[in-house]
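Starting from the given sequences, assemble the full structure and let the hints guide the process.
2 protein chains.
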Amino acid sequence: MGDHWTMGTRRGTNLPRMGDFNQSVILEAIRQSGEGLSRIELAAATGLSAQTVTNITRRLLEDGFIREAGRTINGPGKPRVTLRLNADSRFAVGVHLDPALMTFVLLDLSGEVVRRLSVRTPAKDPRRIVEAMAATIDALIEESGVDRTRIAGVGVAAPGPLDAEKGTVIDPPKLLGWHRVPLRAVLAEATGLPVVLEKDTTSAAVGELWTRRGSAGDSFVFVYLGTGIGAAVARDGEAIPGSTRNMGEVGHIMVDPDGPPCSCGSRGCVEVVCTPQAIVEHAERVGVFQDDREVSDVAAVDERFSQLCERASHGEAPALAVLRQAAVHTSVLTAVLTNMLDVDRVVFGGPFWSRLSDVYLREIPALLERASATRAVRPLPVDGTVVGDDVGAVGAACVVLDSVLSPRASDLLLDR
Amino acid sequence: MGDHWTMGTRRGTNLPRMGDFNQSVILEAIRQSGEGLSRIELAAATGLSAQTVTNITRRLLEDGFIREAGRTINGPGKPRVTLRLNADSRFAVGVHLDPALMTFVLLDLSGEVVRRLSVRTPAKDPRRIVEAMAATIDALIEESGVDRTRIAGVGVAAPGPLDAEKGTVIDPPKLLGWHRVPLRAVLAEATGLPVVLEKDTTSAAVGELWTRRGSAGDSFVFVYLGTGIGAAVARDGEAIPGSTRNMGEVGHIMVDPDGPPCSCGSRGCVEVVCTPQAIVEHAERVGVFQDDREVSDVAAVDERFSQLCERASHGEAPALAVLRQAAVHTSVLTAVLTNMLDVDRVVFGGPFWSRLSDVYLREIPALLERASATRAVRPLPVDGTVVGDDVGAVGAACVVLDSVLSPRASDLLLDR
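Residue numbers (my numbering), protein chains in the order written: chain L, 1 to 416; chain C, 1 to 416.
Check the hints yourself; a few may be wrong.
[What the hints assert, rightly or not] Short, incomplete list of chain C residues facing chain L, as computed with Cβ under 8 angstroms: (1) G167; (2) T244; (3) N246; (4) V250; (5) N339; (6) D344; (7) V377; (8) P381; (9) D383.
[Claimed, not checked] Now the in silico label distances, taken between C-beta atoms and shown as ranges: (10) C:A190 - L:E112: 55 to 65 angstroms; (11) L:G192 - C:E112: 27 to 37 angstroms; (12) L:V328 - C:A190: 46 to 56 angstroms.
[What the hints assert, rightly or not] Some chain L residues well away from chain C (every beta-carbon gap over 10 angstroms; in silico): (13) E62; (14) A139; (15) E316.
Honestly, the hints are just simulated from the structure, not real lab data.
Beta carbons are placed, not taken as given, at the ideal position from N, Cα and C, and that holds for glycine.
Structure representation (structure tokens):
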């Protein structure tokens, strides 16, 4: 019986674990309900006994997480007391660090955005970026009037790869000048708040799960359209972070055998075909823009990308053709992911999504259906995120709220 | 509060669930230990209290799953009684339906193969295949001398896609003549045993987990090299079946932009570059074989593939070059999977693995390392399966044993 065996043994569970788990199940059910639930409805929804529900809700009332919000008379018998979330009992800050734009949100415990700010990302100097980040977080909290003691923490959504153990961002391809920046430690120091670091793509999936109430049994792949393209996976209502929190690096999946060469040595990778910069370059090559100036810095790409989408929406054929081509290539990526992952649906989102959604939602569903290995078994719905362009920042705040609220079956297992 | 919300709510847990879960945790710990464990060691390994361990092991002894196997004196105090699995208290049959070969194994509760048989897959007639399968299962059990009442069930590993709800195999690309064959129902009828149907790739990952004792915290991608190429994923010690049990369809991932055209309309897909048939065709094109006969039926491909690998192992340069090229392309697939999935390691296996292992284990690790998005964070070990070529059949039997033995945190949640 060596170390190897001991390390691998499953842990059991016990009563205190069960109590904590059931408490978060009830809190989550009340949050998801929006308008509140009675104790009897809670028992029905969670499968827990009336006695368990009564004990747990008493504790939640005492701790200020929930409150009694009116009574309903429903036929004979005692009136039912509606229990509702105390949304302003806890808050969380979410930051999305994108190479072009930093977005900041303050969420209450119900997941509502109570305040929002965005600032352009300072060019290329990590120190200045972190200073701007800390200052903007302070401003966000200040302006909201929320007592700082009610802030559960700061979630930062950053482009991968990350070193999750050290809390560093490692050479993100789109953030030049960054090299193992100890973002988590520096920001915790500067703000005095607990900081969690999560990949932008995983954060987006968490935000989607939080906002789309009641998707506990659901599985989806989230295709994230940012300065880079990434993916995230949710299963059984939980985002899968991967074993080093670097899930979803899809930039070098080949989607066009006739595509341009890629820095990886191959050709036609997502990175050089589907990203906003690649799409803008394609538009430049085919003469969509009058001048033949080529742009490459993130802000200029963003602007040209907007022009391109604008022209396509006005029916200009060359612009539309460029976006349709991008949709075809993105559908190849999406089919690779859905066939590999066997999920129930696809969600698109990220900072560039809203500008692409018209064309992509018109083109991709049918292409994906044709390429789906499970087309004989089930359809594969394709949607845009319900959260909007701030999904990364919202999701990062939800990662923090998750640690306060959400039940995970794995939390039942005893620690080593 | 609509249906949508109700459907999504998490279920709680309760005492009976907890008891069942902890029982399977203890049984699994005893199984994994091989030589047995004392009650004190069980408590340490699982985190459960001494009283809980005593209660559960009493029940397991009564049910005949475990037995007392000697005492150890370990310093002062009472001698410790070693509890060991009663391996012959339950058995399971595993069948691997490959287009070329059907493999049958009988496993005892410890996961040991106690008997094995294989027969060539009858050509193309589903009815004859199922008849042969049922007859061989009967022969396997008969010859083993195991009492039929101790057989927990039959697990069948089949090529996807599957319709898991109906228990059918849907038009598997390599099994011509099959169309929605209701394999599970027909086989259950013919054998009088419970039958579970699982994808060959997922079965292989389950077999790997069972055999490699003590990998509860581990995550890996299993790259399955059969007549077709598939993948499976294990996380936290459990194989992920996907939402329709069709996880891991990777045949149309593009790995060579200069590769031959594929039936899907693209080129250079795994299907036309990495499969044994594609490798044999490549060898035929470059003149590895004296005659220029082209083969396509599965048995003939298998034979030529063996010749090719044999020649490569004797250092014949053209043969070796063909296999090296296949290794390069397979490394592209593997990098797509590991970068997407963020797992701890890669396991290769399947019916063609043992013939490829020398070349692939020499070439792929370095290629994968170079392409890994997380190379700055951790290495990515590459191994062959510990189970051998029967991993699909062994895994299918383990799927059956899993339902008897293995703890899953998700089993703690209350049913609707």
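Evaluation of the provided hints:
no.	hint	result
1	G167	violated (12 angstroms)
2	T244	holds (5 angstroms)
3	N246	holds (5 angstroms)
4	V250	holds (6 angstroms)
5	N339	holds (4 angstroms)
6	D344	holds (5 angstroms)
7	V377	holds (5 angstroms)
8	P381	violated (12 angstroms)
9	D383	violated (14 angstroms)
10	C:A190 - L:E112: 55 to 65 angstroms	holds (58 angstroms)
11	L:G192 - C:E112: 27 to 37 angstroms	violated (58 angstroms)
12	L:V328 - C:A190: 46 to 56 angstroms	holds (47 angstroms)
13	E62	holds (20 angstroms)
14	A139	holds (33 angstroms)
15	E316	holds (28 angstroms)
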